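Generate the whole structure from the sequences, applying the supplied hints.
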Amino acid sequence: MKDEVENREDRVANLKGMGCSRKRVEDARFTQGKGNYVDDIKLDGMLFGDFVRSPYAHARIKSVDTAAALEVPGVLAVLTAADLEPLGLHWMPTLAGDKQMVLADGKVLFQGQEVAFVVAEDRYAAADGIELVEVEYEELPVIVDPFEALQSDVVLREDLVGEDGSLPDGAHGPRKHHNHIFTWEAGDKEPTEEVIANAEVVADESMYYHRTHPCPLETCGCVASMDKVNGKLTLWGTFQAPHAIRTVVSLISGIEEHNIRVISPDIGGGFGNKVGAYPGYVCSVVASIVTGKPVKWIEDRMDNLMTTAFARDYHMTGKISATKEGKITALQCHVTADHGGFDACADPTKFPAGFMNICTGSYDIPTAYLEVDGVYTNKAPGGVSYRCSFRVTEAVYFIERMIEVLAIELDMDAAELRRINFIKKEQFPYTAALGWEYDSGDYHTAWDKALTTVDYEGLRAEQAQRVEDFKAGKTRKLMGIGLSFFTEIVGAGPVKNCDILGLGMFDSCEIRIHPTGSAIARLGTISQGQGHATTFAQILASEIGLPADSITIEEGDTDTAPYGLGTYGSRSTPVAGAATAMAGRKIRAKAQMIAAYLLEVHDNDVEFDVDRFVVKGAPEKFKTMKEIAFAAYNQAIPGIEPGLEAVSYYDPPNMTYPFGAYVCVMDIDVDTGVPEIRRFYALDDCGTRINPMIIEGQVHGGLTEALAVALGQEIAYDDMGNVKTGTLMDFFLPTAWEVPNYETDFTVTPSPHHPIGAKGVGESPHVGGVPCFSNAVQDAFRPFGNRHTNMPHDHWRIWRTANELGLHD
Amino acid sequence: MIPAAFEYYRPQDMAGVLAILEEHGDDARVMAGGHSLIPMMKLRMAEVPHLIDLQDVGGMSGIEVGTDSIRIGAMVTQSDIIDDASLAAAAPILREAALQIADPQVRYMGTVGGNVANGDPGNDMPGLMQCLDARFTLVGADGERDVPARDFYEAAYMTAREDEEVLTAVTIPLPKGGYAYEKQKRKIGDYATAAAAVQITKEGDVCASAAIAMTNLSDTPVYSEAAGAALVGTALDDAALTAAAAAMLNDIDPTEDNRGPIAFKKHVAGVILRRAILRAWSRA
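In the order they appear, the protein sequences are chains A and B. The numbers in numbering that gives the first Met the number 0 rise by one with no breaks, and the one at position 618 of the first sequence is 617. The numbers in numbering that gives the first Met the number 0 rise by one with no breaks, and the one at position 143 of the second sequence is 142.
One should not assume that every hint holds.
[Unchecked claim] With a straight-line cut-off of 30 Å between C-alpha atoms, the simulated BS3-like cross-links for lysine-lysine are:
{"id": "1", "chain 1": "A", "residue 1": "K188", "chain 2": "A", "residue 2": "K424"}
{"id": "2", "chain 1": "A", "residue 1": "K473", "chain 2": "B", "residue 2": "K184"}
{"id": "3", "chain 1": "B", "residue 1": "K184", "chain 2": "A", "residue 2": "K470"}
{"id": "4", "chain 1": "A", "residue 1": "K615", "chain 2": "A", "residue 2": "K589"}
{"id": "5", "chain 1": "A", "residue 1": "K723", "chain 2": "B", "residue 2": "K201"}
{"id": "6", "chain 1": "B", "residue 1": "K265", "chain 2": "A", "residue 2": "K476"}
{"id": "7", "chain 1": "B", "residue 1": "K41", "chain 2": "A", "residue 2": "K41"}
{"id": "8", "chain 1": "A", "residue 1": "K585", "chain 2": "A", "residue 2": "K22"}
It should be emphasised that the hints constitute simulated quantities derived from the structure, not laboratory data. Every value quoted in this text rests on a predicted model; they were computed, and no experiment measured them.
What follows is the structure, given as C-alpha cells:
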C-alpha cells in the first residue's frame with residue numbers, strides 16, 4: 000500500500016492538522032466574488048421591506064398616515080404598531096430581559112427608530128413609499144447624558160412605571176429611578192473601601208469609553224419566506240446565533256420550532272453587531288405571512304450605524320491603592336452604563352454588565368469592588384461585545400489606564416509596575432477578587448519577551464532625549480510608548496452560570512465519516528470571516544486521522560446543524576472547538592474497536608498513530624482510518640453498529656483566559672494633533688495554536704479595529720440626540736493607508752481544561768490593542784503633566800491635549 | 000440610499016445638453032463623474048428630476064499644455080491629471096493635489112470640471128484653481144464666457160454659473176516658481192481639515208510673487224491676496240510667515256464639525272500654510 004512507504008512526518012503533513020498554516024478554504028469563493036450573502040438571495044416573487052424611521056430622538060407619535068404611500072405603484076402594504084399589536088408583535092423581548100418596540104408604539108426613544116415598515120415589489124418603490132408616510136410627531140425633551148437621565152423628571156420608558164408612579168423591579172432587580180435599569184455588583188464593598196482609605200498611595204481617575212459601533216462590511220438583513228402550504232417558515236439572515244434566533248422566533252411568533260428553519264449564509268463580518276434580534280427580522284416575517292411571499296430587508300450603512308447594536312458607552316470611575324513600593328492592594332470601579340432607549344445588551348442572563356468583573360486584569364489584587372448602573376437615554380439600543388467577550392474591552396481599558404495613572408502617582412515606570420503586580424505562574428489556577436478562576440498563564444515570560452524584543456530600555460532613553468529636544472525647540476514631535484498587558488475571558492460558557500434567554504451556552508459538533516474516508520462535520524457556530532471551515536477541519540484531522548482537505552465543515556442551517564449558541568465572544572474555538580475534538584474522540588474510540596476486529600487483536604492492543612491504528616509492538620500491522628471508515632460500512636462486526644458517526648455537546652468546565660503583551664511606539668505632531676504609529680508589537684498567548692496564519696490574520700484585524708476605536712471611531716450625538724457620525728465620511732473605518740505594519744509574536748500556555756488546550760484569539764488583539772494605542776498617546780504627554788484624556792484620540796482631541804498642557808504657547 | 004425617480008439623458012453633443020437645460024431649467028443638472036452629485040441624490044439631499052450625463056459629449060477630455068497656458072477639459076479625471084507627464088512637468092502642483100483627493104477608485108471617475116463646478120467647499124480643486132488664477136469656461140445658449148476662479152464661488156454650492164450653463168474647460172496660466180499643496184485630513188478619502196495651495200516665485204533671495212488659497216475653511220474656497228502680499232519682498236523669515244498666516248486667518252471663516260472646533264481649525268490652517276509656504280519656497 001502507498002501508506003506504507005510514507006514516513007511518519009509525511010503522514011502528519013498530509014493531514015494538515017493542528018499547527019499547520021493551512022490556507023483558508025473559504026477564500027476560493029470570497030476572492031472570486033462568489034460568496035453567497037443574504038442580499039444575494041433572490042426568490043421568485045420576493046418583496047422588499049424598509050423602514051420609516053424617526054428623525055427625532057424623543058417624540059410622541061400623534062398619528063401615522065399611510066394613505067399616500069399606499070398609492071405609490073409597487074407598494075403593497077405599510078405595517079405600523081397598530082397592525083402588529085393584535086399579533087402581540089409590536090414589542091419583542093431583548094436578549095437582556097427588557098423589551099423593545101418593533102414599531103413605534105405611541106412614542107420614539109431614539110433617532111432612527113423604526114416607525115413603519117413599507118412592503119413593496121422592489122426597494123425603489125419601498126424608498127418612494129417611505130417618503131410619503133406622514134408621521135405627526137410631538138417633540139419631547141431629549142436626554143443623551145446618562146447622569147442627567149438619573150436626575151431628570153422626564154420619563155423615557157413609561158411602560159416601566161406603574162400607574163401609581165411606582166417602579167417595578169427590572170430583569171436584574173430593583174431600580175433606583177425611572178430611567179435606571181439595574182445595579183450590578185461584584186466583590187466586597189466595605190473591605191475595599193477600608194483598604195483604600197488606609198492605603199499608602201491611592202490613584203483615582205474617571206474615564207469615558209465612548210460609544211462606537213462594530214460596523215461590519217455587510218450590514219444586517221434577512222429574507223423571510225413563509226410557505227403557507229406546509230406551514231414552514233424559512234428565515235435567511237445575518238445571524239451570529241442562528242439556533243438562538245430560531246428559538247426566539249418560535250417563542251415570539253408561536254410557530255412551532257420544527258416549522259422554522261433559520262439559515263445563516265456567508266456573513267460579511269459580525270463583531271457582535273449580528274447577535275441580537277432586530278425589528279427588521281420580525282417585520283419581514285410578519286410581512287411574509289401577510290403577503291404569502293418572501294420578503295427581504297437589508298439595512299443601508301446609515302441604518303446600520305444609527306440603529307443596530309452599538310458598543311461601549313461606559314462612564315468609569317476608579318480608585319486603585321498600593322504600597323509605596325507599588326504593590327497594588329485594592330481596586331474599586333463604578334460604571335454608569337448608557338444603554339440607550341431599550342436594554343438590548345447581548346450578555347449572559349446573570350451578567351447584565353457582561354464580564355466587566357474581569358477588571359482586575361492580569362494583576363494579583365487582593366481586594367476589589369465593582370458596581371455598574373445601567374441607564375436609559377435617548378440613544379439607539381444595543382450594547383454588544385464589539386470584538387470582545389461581553390464588556391472585556393471596557394474592563395481591560397479601565398485597568399490598563401488605572402495602572403498608568405497609578406504609575407504616575409508613584410512616579411514609577413509603568414512596565415515595572417505591571418511586572419511587580421502580575422499574577423505569578425505558580426498561582427494558577429488563580430481566583431480573582433471579583434470571582435473568576437483564571438485557568439492558566441505565564442505573564443512574566445510574555446512581558447519580558449515583549450520588552451526585550453522592542454528594546455524597551457532603548458525606547459525610554461530615546462523618548463527622554465526627545466523630550467529634551469522638544470523643550471529645546473529642536474522638534475515639534477513627541478514620542479509615546481504605549482504598553483498594555485491584557486487577560487481576556489472568553490469561551491462563554493459553563494452552563495451553570497452562562498445562559499442567554501435560558502439557553503445554556505454549550506456548543507456542539509456532529510460528525511459523519513463517509514465510507515471512502517472523507518467526512519462532514521456540522522457545528523452550532525457560524526463563521527463570519529473567522530475561517531471555521533479551515534480550522535475546525537484541522538482540529539478534526541489531528542483527532543481522527545483523516546486529511547483536513549477531506550473534511551467538509553458546515554454551519555448555519557438549523558435544519559441540519561446541531562444546536563449551539565453561535566459565534567461571538569471568542570467562544571467558537573473554546574466551546575465548539577472542544578465539542579469538535581470530543582466528537583472526534585468518539586469517532587476514534589469506535590474506530591479503535593473496528594481496527595482491533597480487523598487486525599484480530601484485543602481493543603487495548605492497538606494504538607492511534609497519526610492516521611491509523613497500529614498493533615502495539617508490531618508497527619507493520621495497522622489499519623488506516625480510511626480503511627477503518629470503509630469497514631464501518633461493509634463489515635458485520637459483532638457488537639458494533641454499522642456506520643461511523645458521533646455528536647458531542649460540550650459544556651465547558653470553565654472559561655478560557657488568553658493573554659498578551661503589546662507595545663506601540665507613536666510619534667505625535669503637537670501642532671496638528673496627527674499621530675504616526677512607528678511600531679506595533681503584539682505578543683499573543685492563545686494556548687494551543689491551531690492555524691498560525693489565521694491567528695496572525697485575526698491579530699491584524701483586531702488591532703486594526705482597536706486602532707479605529709482608539710484614534711477616532713465613534714457614534715457621536717448632539718444635544719438633540721441627532722447622530723453626528725452616521726456615514727463612513729465621519730465614522731472612522733481604517734483602510735490599508737491608515738494601518739501600520741504589525742509585528743506579531745507568541746508564547747504558548749495551553750488551557751488545562753480544554754481538550755486541545757486552545758483558548759481563542761479573535762478578540763484578544765482588540766481587547767489589548769485599544770488600551771495600547773490609547774496609552775501611547777497619553778504616554779507622549781506624560782512628561783508634560785498629562786494624566787488621562789478620553790478617547791477617541793482624533794486629531795483635534797490630541798491637539799486639545801497639547802493645547803491644554805500649554806504646548807502651543 | 001435610494002434616489003427619487005429621475006429622467007436620465009445621455010446627449011451626444013453640447014447642443015443636446017443645452018437644449019435639455021433650456022427646457023428644464025433648475026430641474027435639470029449635468030453630471031460629469033457623478034461622485035458628488037449621485038451620493039447627494041441617494042441621500043435625497045439633492046433632487047434632480049432631469050439628470051444629464053456628459054460622458055458621451057466629446058471634446059472635454061483633453062489636456063493641452065501651451066506656451067503660456069494650460070487648458071484642461073471639464074471631463075478630465077483626477078486620475079488623468081496624475082498620469083499626464085507633460086502636465087506634471089508644467090504644473091506639478093496639480094498632480095500633488097490630485098494625489099490627495101479621495102482615493103484611487105474615486106479619482107478614476109471624479110473630474111476636474113465636476114470638482115470645480117459643484118461648489119462644494121470641501122473640494123480641493125477650487126482653491127487650487129484660485130491659487131493658480133485659473134479661468135473657467137462656461138457655455139450657454141448665448142455662447143461662451145470665461146469667469147476667473149477667484150470670482151466664481153459665491154457660497155456653498157452657489158457659483159457664478161447660471162442654471163442653463165455648462166462648465167466645459169479650465170484654463171490656467173503656466174505656473175511659475177515653487178509650489179505646494181498641503182492637506183491635513185483624518186483619513187484617506189476625507190475632505191480637508193485644512194488645506195493650502197501655494198505658488199511662489201523668487202528673485203534672488205526675495206519672494207517676488209505669492210499666491211495662496213485655502214480649502215474647507217469657509218463656505219467657499221478662500222483666495223487670500225493679503226497672505227500672498229505679506230510674503231512679497233521678504234526673504235520668508237519668521238516674521239513674514241507669521242504675517243502671512245495672520246492675514247490668511249483674517250480671510251477664513253471655518254465652522255465647527257466632526258473634524259474639530261473653530262480654534263483647532265484656525266490653528267491647523269496656520270500650521271498647514273506655514274508648511275506649504277516653506278515647501279513651495281524650497282522648490283522656488
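Given the hint that K41(B) pairs with K41(A), test it: the Cα-Cα distance must not exceed 30 Å. Holds, because 23 Å separates the two Cα atoms, which is no more than 30 Å.
Between K723(A) and K201(B), is the straight-line Cα distance small enough, at 30 Å or below? violated (46 Å)
Is the Cα-Cα distance between K585(A) and K22(A) 30 Å or less? Judged against 30 Å, a Cα distance of about 27 Å means the pair holds.
Can you confirm whether the C-alpha distance between K188(A) and K424(A) stays at or below 30 Å? Holds - the C-alpha atoms of K424(A) and K188(A) are around 28 Å apart, at most 30 Å.
With the threshold set at 30 Å, check whether the alpha-carbon distance from K473(A) to K184(B) stays at or below it. holds (25 Å)
Pair hint K265(B) and K476(A), alpha-carbon separation not exceeding 30 Å: holds (20 Å)
Satisfaction of hint between K470(A) and K184(B), Cα-Cα up to 30 Å: holds (28 Å)
Pair hint outcome, K615(A) versus K589(A) [Cα-Cα no greater than 30 Å]: holds (18 Å)
Against the hints set out earlier in the document, a violation occurs for number 5 only.
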